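Colleague: Residues per chain are reported as follows:
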Amino acid sequence: MKKTVFALTTLAALMAAPMAAQAHRAWLAPTSTVLSGADAWVGFDAGMSNGVFIPDHAAMRLDGLVITAPDGSVAQPENMMRGRYRATFDLHLTQPGTWRIANVMSGFGATYKQGGEEKRWRGSEAEMATAIPADATDVVRMRSMNRVETFVTLGEPTDIAPTGQGLELVPVTHPNDLVAGEAATFKLMQDGKPAADQTITVARGGTRYRDNPEEITVVTGADGGFSVTWPEAGMYWINASVRTPSAGDQIAMNAQYNGVVEVLP
Amino acid sequence: MHPRSLTIALAATGLTAGAAQAADLTATVEIPRLSSASYHRPYVAVWIETPDQTAVQTLAVWYQQTANSEGDGTDWLKDLRTWWRKGGRALRMPADGVSGATRAPGRHTVTASAARLRNLPAGQYNLVVEAARELGGREVVRVPFRWGGANTGRAAGATELGVVTVAVSR
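Protein chains in written order, with my numbering: chain X, 207 to 471; chain G, 627 to 796.
Looking at chain X on its own, in the form it has when it is part of the complex (with noise of 0.2 angstroms):
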């Protein structure tokens, strides 16, 4: 049992390292999240670090980006720079309404024994049944899902489709629409599914400039529904992590979502 639960924490700590090492939050922070006028431009830092938006670790693999236009169109990214604690893009907002911008990755993983030596492998689904040797033993299998991302709007504010595909916040409340001391509401769904009783930790940026942290932790509901009332305005960080257990012929999953928020005063 000891080694079933060392070896799950060895892959947890793996499958997160495509997109965290390790407690390292994931962040994706616009420079505006409410624009007017006929066209706009923001700009984007992904990065991960303890601090949230406090570039000080490692700069973001934006290998999975995908931008969604109002209109549901894929919209590109220009002037990407890769730092050495931040990759930063910006997008040119040529329609009104709601943009997603988006972080995507999943990935396979697996540890297991070979002659009584631990090993670990990373890769795609694809290559998962060739990858683990035959006379490999206690072998444990993992599949991530990664979601992180921000919403930007232009003009009026427009409907967010759900994508259906792993970990996803849901808006019944609008994420550009936000206000200190207002309450919104979301919804957890993994897969389309209502992700009850999921603990949600919401992070505000500044941590540099105070000294408690002031997160607030919320459960989510039978629905996958929660509440936040906004205790002052600034740019927050939501995340959601879901780890399910092999079941048959499903393997683990370790879902994360890491959504950006602003909530203006």
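Since the hints were made in silico from the structure, they are not lab data. What you are looking at is a predicted structure, and each value in this text was computed from that prediction instead of being measured. The beta-carbon is built from N, C-alpha and C at its ideal position, and this holds for glycine as well. Take the hints with a grain of salt, since some may be wrong.
Non-contacting residues of chain X with respect to chain G, defined by C-beta distances greater than 12 angstroms in every case (computed) [stated by the list, open to error]:
no.	residue
1	M311
2	G370
3	E420
4	I457
Cβ pair distances, simulated, as ranges [claimed, not checked]:
no.	chain 1	residue 1	chain 2	residue 2	range
5	G	L717	X	I422	32 to 42 angstroms
6	X	E324	G	S662	23 to 33 angstroms
7	G	T735	X	E438	35 to 45 angstroms
8	X	V240	G	T676	46 to 56 angstroms
9	G	R659	X	A402	23 to 33 angstroms
10	X	A439	G	R772	38 to 48 angstroms
11	X	D262	G	A727	15 to 25 angstroms
Not the full set, but computed from the structure, chain X residues with beta-carbon under 8 angstroms of chain G [what the hints assert, rightly or not]:
no.	residue
12	N256
13	D417
14	N418
15	P419
Given chain X, put chain G in place with the hints provided.
Modeller: Structure of chain G alone, referenced to chain X:
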């Protein structure tokens, strides 16, 4: 050397060593047990300052003594923000008798002999304890005490530190 003066010299050395080991100032620092999914032991600095908050002497700094994949333990000394600004940044770490490993939740003791505090003029001071925790908060607790005569002091933190006491024995 004359055998007699050798004896005296040894006795004198013994006396000094004895004084150096005696705790003339004893501080206790309580690190609270916090329930957190990602708990890391705090970095802690303990120093003496004058009532106008001028740092006089650092007694202890508990930080990660090794390097890991994240970096060297000294990379985060600056998170002890107050101590760092008031003198930590001018110290070369590790410092003998000051540097130590991070401590688990519980009550810990820091002692200083009169010999170690020989440059401290008699008078009123604060013992300052600062704690900063990865993915946690930061807190500073000040305990007033008098150097030069037996007395005690006590204060408590609210978040990152528990009770802090000071006892001066002479």
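Colleague: Compare the structure with each hint and give your call.
Modeller: Structure-based check of all given hints:
1. The claim that M311/X is not at the interface with chain G holds, since no C-beta of that chain comes within 12 angstroms of its own (minimum 20 angstroms).
2. Every C-beta of chain G lies more than 12 angstroms from that of G370/X, the closest at about 28 angstroms, which supports listing it as non-interface.
3. The Cβ of E420/X does not lie farther than 12 angstroms from every Cβ of chain G; its closest approach is about 9 angstroms, which violates its non-interface assignment.
4. Here I457/X stays apart from chain G, with its beta-carbon at least about 24 angstroms from theirs, past the 12 angstroms limit.
5. For the pair L717/G and I422/X, the beta carbons lie near 37 angstroms from each other, so the given range of 32 to 42 angstroms is met.
6. A C-beta distance of roughly 28 angstroms is found between E324/X and S662/G, which places it inside the suggested range of 23 to 33 angstroms.
7. Between T735/G and E438/X, the C-beta spacing of about 40 angstroms keeps the proposed range 35 to 45 angstroms intact.
8. In this structure the supplied range 46 to 56 angstroms holds for V240/X paired with T676/G, their Cβ-Cβ distance being about 50 angstroms.
9. A hinted range of 23 to 33 angstroms holds for the C-beta pair R659/G and A402/X, which are about 30 angstroms apart.
10. Checked against the given bound of 38 to 48 angstroms, the beta carbons of A439/X and R772/G, roughly 46 angstroms apart, stay inside it.
11. Look at D262/X against A727/G: about 23 angstroms separates their beta carbons, and that is inside 15 to 25 angstroms.
12. Restraint check, N256/X versus chain G: the minimum CB separation of about 5 angstroms is within 8 angstroms; hint holds.
13. For D417/X, the suggested interface contact is upheld, since its CB lies about 4 angstroms from the closest CB of chain G, less than 8 angstroms.
14. With its C-beta approaching chain G no nearer than about 5 angstroms, N418/X sits inside the 8 angstroms limit, and its interface hint holds.
15. At a threshold of 8 angstroms, the smallest CB-CB gap from P419/X to chain G is about 6 angstroms, leaving the interface hint in force.
In terms of the numbered hints stated before, the structure departs from hint 3 and from no other.
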